[in-house]
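K.L.:
This note's numbering puts the first residue of the sequence shown at 2, with every later residue one more than the last.
Treat the hints with care, as some may be off.
Each computed BS3-like pair below joins lysine-lysine, with the alpha-carbon atoms no more than 30 Å apart [claimed, not checked]: (1) K56 to K15; (2) K89 to K15; (3) K95 to K34; (4) K43 to K76; (5) K15 to K79; (6) K34 to K79; (7) K98 to K123; (8) K56 to K43; (9) K89 to K56; (10) K79 to K89; (11) K89 to K76; (12) K56 to K76; (13) K15 to K34; (14) K56 to K98; (15) K123 to K95; (16) K109 to K98; (17) K79 to K56; (18) K56 to K95; (19) K95 to K109.
If you are wondering where the hints come from, they were derived from the structure by calculation, not from laboratory data. What you are looking at is a predicted structure, and each value in this text was computed from that prediction instead of being measured.
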Amino acid sequence: MTETARRVAEWVGKTPDSAPPPHVRLRIFERFKGVCHFSGIKIRPGDQWDCDHVKALINGGENRESNMAPILRGKPHKEKTAQDVAEKSRNYRKRAKHVGAISPTRQKIQSRGFTETSPQRKASSPVNKWRGF
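Turn these sequences into a full structure, and let the hints steer you where they fit.
P.N.:
Encoded structure:
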């Protein structure tokens with residue numbers, strides 16, 4: 002089948018959770034020439050790999066074929082997911098601070114402090130052991 006024989010320009014997921022079908026996974030794999038888009042390692046037969054979103058869904062990416070790339074399962078996928086979550090958190094904090102949803106951090110009011118006292122001459126006041134007798 003040639004590229005011009007395709008009926009649909011690209012696959013688009015019906016929901017954010019929908020996984021691409023096997024024939025779309027093959028097209029994604031061939032488009033990247035079998036190389037993990039995150040680590041740059043060649044994916045060999047028998048290696049487990051996933052279709053990952055280049056721009057994560059939580060960061061505004063779409064669930065479509067053009068936004069997907071092969072990534073090795075395991076350490077590369079975990080690192081990419083950690084980067085995506087960190088980027089989402091940074092963007093959220095910046096946006097919330099800009100809009101004013103998060104109150105700015107305020108320093109505690111600095112007190113005047115204690116007044117200086119004269120040096121003590123005795124360790125304590127004298128003790129009266131025989132009080133009242």
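K.L.:
With reference to the structure, classify each hint as holding or not holding.
P.N.:
Going down the list of hints, with the structure as the test:
1. K56 to K15: Measuring from Cα to Cα gives roughly 18 Å; hence the hint holds.
2. K89 to K15: holds, 23 Å
3. K95 to K34: Violated: K95 and K34 sit about 37 Å apart, past 30 Å.
4. K43 to K76: Holds, because 15 Å separates the two Cα atoms, which is no more than 30 Å.
5. K15 to K79: This hinted pair holds, its Cα atoms lying about 25 Å apart.
6. K34 to K79: Distance ~22 Å between K34 and K79 Cα, so the pair holds.
7. K98 to K123: Cα-Cα ~56 Å, so violated.
8. K56 to K43: holds, 21 Å
9. K89 to K56: Distance of about 11 Å is within 30 Å: holds.
10. K79 to K89: Holds. K79 to K89 sits at ~15 Å (cutoff 30 Å).
11. K89 to K76: Answer holds: K89 to K76 is near 20 Å, not above 30 Å.
12. K56 to K76: holds, 18 Å
13. K15 to K34: Status holds; Cα separation ~26 Å.
14. K56 to K98: holds, 23 Å
15. K123 to K95: violated, 59 Å
16. K109 to K98: holds, 20 Å
17. K79 to K56: Distance ~15 Å between K79 and K56 Cα, so the pair holds.
18. K56 to K95: holds, 19 Å
19. K95 to K109: holds, 23 Å
This entry does not satisfy hints 3, 7, 15, going by the numbered hints stated previously.
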